[in-house]
Amino acid sequence: MEILDFYADWCGPCQMMKPTMEEFEKAHPEIQVTAVNIDEQEELAEKYEVSSIPCIVVLKDGEEVRRAVGVQSLKKLEKLVA
Amino acid sequence: MKYDVIIVGAGIAGLTAAIYVRRAEKSVLVLEGKVPGGQIINTLTIENWPGDMGVSGAELMQKIQKQATELGAEIEMEEVMEITKLNEGFKVITEDGEYTAGAVILAVGAEDKKLDLAREDELVGRGVSYCATCDGAFYKDKNVAVIGGGNTALYDALYLADIAAKVYVVHRRGEFRGDARLVEKLQHKNNVEFVLGYVPEELVGDKNVSGVKLKASGMVDEAEDERVLDIDGVFVAVGKKPQTERFMGLVELDDNGYVIASENCETSCYGIYAAGDCRTKTVRQLVTAAGDGAVATAGALDFLANKKK
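Going line by line, the protein sequences match chains A and B.
Last residue of the first sequence: 84 (the numbering used here), numbering continuous.
Last residue of the second sequence: 312 (the numbering used here), numbering continuous.
Isolated chain B (complex conformation):
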């Protein structure tokens, strides 16, 4: 199948782009390998999306998805494996098939970084979680550990402190990277303990997580060589990484894996545009991702028009 534009990723950047492509009466296919809606669907209340105060991420994304499909965008749940440049346009290879596109918009977003521990994948949903607001409720009156030192980790710990019996916050440094205000709030919780100067080494537990073995990071003098926390859940909040590995040969990436693109969303490959969290930018928000969707589409439409001349 041939489309004017193929968009990789059905988060807010990708779906906004799809709306703009359809408004220009061009054909568009959105390919999504994981969850439609992107990262925002795990947010229960959004207060910085104009015009819909307090909307949940899932509700907002369902509305946007409906809007895109009603305008004629096609959405397929297929993971994109590879994109190659043709003489004219691009070939997009998915887990199930092949498509061609005049122009491509990469809106692949970012995903949670893993701890890279043995059996981590196997224990997801059995004690390992990357989303406190999603899975926190399962740990009522249980003991949990949050791994990480940024704002996400601190917010997760605060959220979990109201549910779990005990919350350990494990961070490799002696100080948190996140806001001091959040650290202070955590200090006032009597069921929160900071475990500083450690990194997780092993997930303990057979069928379900029953503990986590930590080793000293070497960054805090007082830390012992090893420590074991008896816990039922590990919440991983060690940052995000863009899902761009597959496109390494196609477009230039920066050292952290973000697609190098400026505010015009143009990448190093003519005809490929990058929108949303996957590109190099300073502010990664819903509105900036939506903005990128419009800008990337304008670029792609311009590319298609010039090519035909």
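Pulled out of the complex, with its shape left as it was, chain A reads as follows:
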């Protein structure tokens, strides 16, 4: 399982979510989390049709299985990958 974490430097909610994401990564070393800056990696944001951030896309074998838009709590992140 893999997570794409779409964010931007100007996105307040993304900044508020950062500590939660860090906590999640610590709790789940087995899950690869890739932070995607949508200003620098436009093509990736376009590929996944991301038009609101923060946006978490969960991939399984490279395929999107779940997605969540907006700030997520640690518990909600856990549910996304459960």
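If you are wondering where the hints come from, they were derived from the structure by calculation, not from laboratory data.
This structure is a prediction, so every number in the text was calculated from the model and none was measured.
By construction, the Cβ of each residue, glycine as well, lies at the ideal position given by its N, Cα and C atoms.
Any given hint could be a false lead.
[Unchecked claim] Per label pair, the in silico range of CB-to-CB distance:
1. B:D99 with A:M3: 20 to 30 Å
2. B:T103 with A:E65: 40 to 50 Å
3. A:A84 with B:E77: 22 to 32 Å
[Claimed, not checked] Using 27 Å as the maximum straight-line C-alpha spacing, the simulated BS3-like pairs for lysine-lysine come out as follows:
4. B:K69 with A:K77
5. A:K78 with B:K66
6. B:K88 with B:K145
7. A:K78 with B:K37
8. B:K169 with A:K49
9. A:K49 with B:K210
Please build the complex by placing chain B on the supplied structure of chain A, with the hints as guidance.
The following block gives chain B in isolation, referenced to the frame of chain A:
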């Protein structure tokens, strides 16, 4: 778990209250169901918070949150479902559990009103947005519509006019409620079109928004019965509503849903205080919300002290 004070909402009112409770050496739990930091985190530059010119909302709220937790406040990301009065104190039921508190501070804030259209929730993040400064960048050289006639809608339209190819401003009346100065600025933008006398009826598009169907509001004679705008994004700016529905039976609310409380933050229920944007007040600003946090805490501490006598 029992706390002296439970605060519902981790915006500036709630977190300021938490700081004050901890300074009085009482135990405090802050419960937040959505985004910690409140509405201000979507503001990039704040110029009316004293002492920190130009700070971003997210940066300011992270600082305040850190200050509260360093002083010993506990913060949990749990949505409060119900609060009931006990013989002594209150029971606070969340999506994950139950807590009791000697006193409660409601600092639940306000959230964006929705259009109440079919599939609106499903299309959030796929063309429907409630925050131009958050999502505007995704609409570079695309066509968008802003729905609303107040200052927020006008500011959003101005912001988007510099990014998008075309900005429609849809409002049900023939005149805007917002400042004339902003309307004038928009009139000078050659990619902004006012669509007056219409209300949105349907979001068009399968996976993503590709248009919005409008119908005449009946308030502007020249408006046609129906109109369809081909757009990639709809920015909703039709006002805010307080997040107080759940507390209807607990405290008195006014017709718009605001908790009835005066400057002392006391509600109709003894032991429950209201702070920030969720209460009836005239000036809803960061500083007044922070002020409420202090006042509500003073009330709550007083309540706790008197109860023990």
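Hint check:
no., hint, in the structure
1, B:D99 with A:M3: 20 to 30 Å, "24 Å, holds"
2, B:T103 with A:E65: 40 to 50 Å, "46 Å, holds"
3, A:A84 with B:E77: 22 to 32 Å, "25 Å, holds"
4, B:K69 with A:K77, "20 Å, holds"
5, A:K78 with B:K66, "24 Å, holds"
6, B:K88 with B:K145, "52 Å, violated"
7, A:K78 with B:K37, "11 Å, holds"
8, B:K169 with A:K49, "24 Å, holds"
9, A:K49 with B:K210, "14 Å, holds"
Comparing the model with each numbered hint stated earlier shows that hint 6 is the single one that does not hold.
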